[in-house]
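Chains as they are written, first to last, in the numbering used here: chain A, 1 to 113; chain B, 114 to 224.
Think of the hints as simulated: they come from the structure by calculation, not from any bench. What you are looking at is a predicted structure, and each value in this text was computed from that prediction instead of being measured. The beta-carbon is built from N, C-alpha and C at its ideal position, and this holds for glycine as well. Please note: incorrect hints may appear among the correct ones.
A few chain B residues that face chain A, going by a derived Cβ cut-off under 10 Å, partial list only [said to hold, decoys possible]:
| hint | residue |
| --- | --- |
| 1 | Tyr149 |
| 2 | Pro157 |
| 3 | Phe214 |
Spelled out, the chains give:
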Amino acid sequence: GAGVSQSPSNKVTEKGKDVELRCDPISGHTALYWYRQSLGQGLEFLIYFQGNSAPDKSGLPSDRFSAERTGGSVSTLTIQRTQQEDSAVYLCATGLAITDTQYFGPGTRLTVL
Amino acid sequence: RKEVEQDPGPFNVPEGATVAFNCTYSNSASQSFFWYRQDCRKEPKLLMSVYSSGNEDGRFTAQLNRASQYISLLIRDSKLSDSATYLCVVDRQGATNKLIFGTGTLLAVQP
Numbered sequence: 001g002a003g004v005s006q007s008p009s010n011k012v013t014e015k016g017k018d019v020e021l022r023c024d025p026i027s028g029h030t031a032l033y034w035y036r037q038s039l040g041q042g043l044e045f046l047i048y049f050q051g052n053s054a055p056d057k058s059g060l061p062s063d064r065f066s067a068e069r070t071g072g073s074v075s076t077l078t079i080q081r082t083q084q085e086d087s088a089v090y091l092c093a094t095g096l097a098i099t100d101t102q103y104f105g106p107g108t109r110l111t112v113l
Numbered sequence: 114r115k116e117v118e119q120d121p122g123p124f125n126v127p128e129g130a131t132v133a134f135n136c137t138y139s140n141s142a143s144q145s146f147f148w149y150r151q152d153c154r155k156e157p158k159l160l161m162s163v164y165s166s167g168n169e170d171g172r173f174t175a176q177l178n179r180a181s182q183y184i185s186l187l188i189r190d191s192k193l194s195d196s197a198t199y200l201c202v203v204d205r206q207g208a209t210n211k212l213i214f215g216t217g218t219l220l221a222v223q224p
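When you get a sec, could you build the whole thing from the sequences and use the hints?
Following this line, the structure appears as structure tokens:
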């Protein structure tokens with residue numbers, strides 16, 4: 001069956017450029033999380049969406065980061081004016097509810113030169 | 114105090130050994146508990162949910178101790194393939210409910 005998919009799998013960009021990362025959830029999953037993981041570190045929560053409720057943006061590290069989820073399905077995470085410290089793996093996870101089992105996508109590895 | 118705390122390890126054990134990890138959580142109202150496994154440079158994957166009565170899946174046993182606010186994972190007869198980082202996950206109940214991940218415990222099973 002189809003799991004969570006993310007694209008691109010790898011993204012190399014230059015400092016100062018904008019990037020957009022995409023997450024396609026498992027069909028029917030209303031909860032969607034974005035995390036960031038730097039090499040050798042734990043998961044850093046960024047944002048979550050739950051159905052039609054207002055998203056919890058409390059983990060976004062700066063106003064350069066934004067995310068949206070259109071139609072309760074696909075989500076995009078946008079990073080403006082990328083910095084080298086933004087280099088990390090960005091993981092998306094979805095579930096039936098916000099505190100239910102989360103299923104992760106394979107991640108997008110972002111490298112900012 | 115962190116919401117979810119784990120010993121980062123590494124736990125170096127020989128094949129066939131039994132190893133146990135604990136994870137403490139701070140929110141007494143938490144209701145959902147999970148163990149995830151993350152292999153090097155891969156995404157986390159659900160290992161097992163943790164139920165109040167405790168549960169077992171093959172060589173893996175998970176238990177919940179609400180009074181002391183910790184969950185545990187026991188791995189019997191360790192295999193080389195068990196080498197990974199084990200993440201403890203607990204829900205935060207309150208004004209904003211969400212899952213909180215621990216930073217993980219690294220297990221290295223040695224031949």
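Okay, the hints, checked on the actual structure:
no. : hint   : result
1   : Tyr149 : 8 Å, holds
2   : Pro157 : 5 Å, holds
3   : Phe214 : 5 Å, holds
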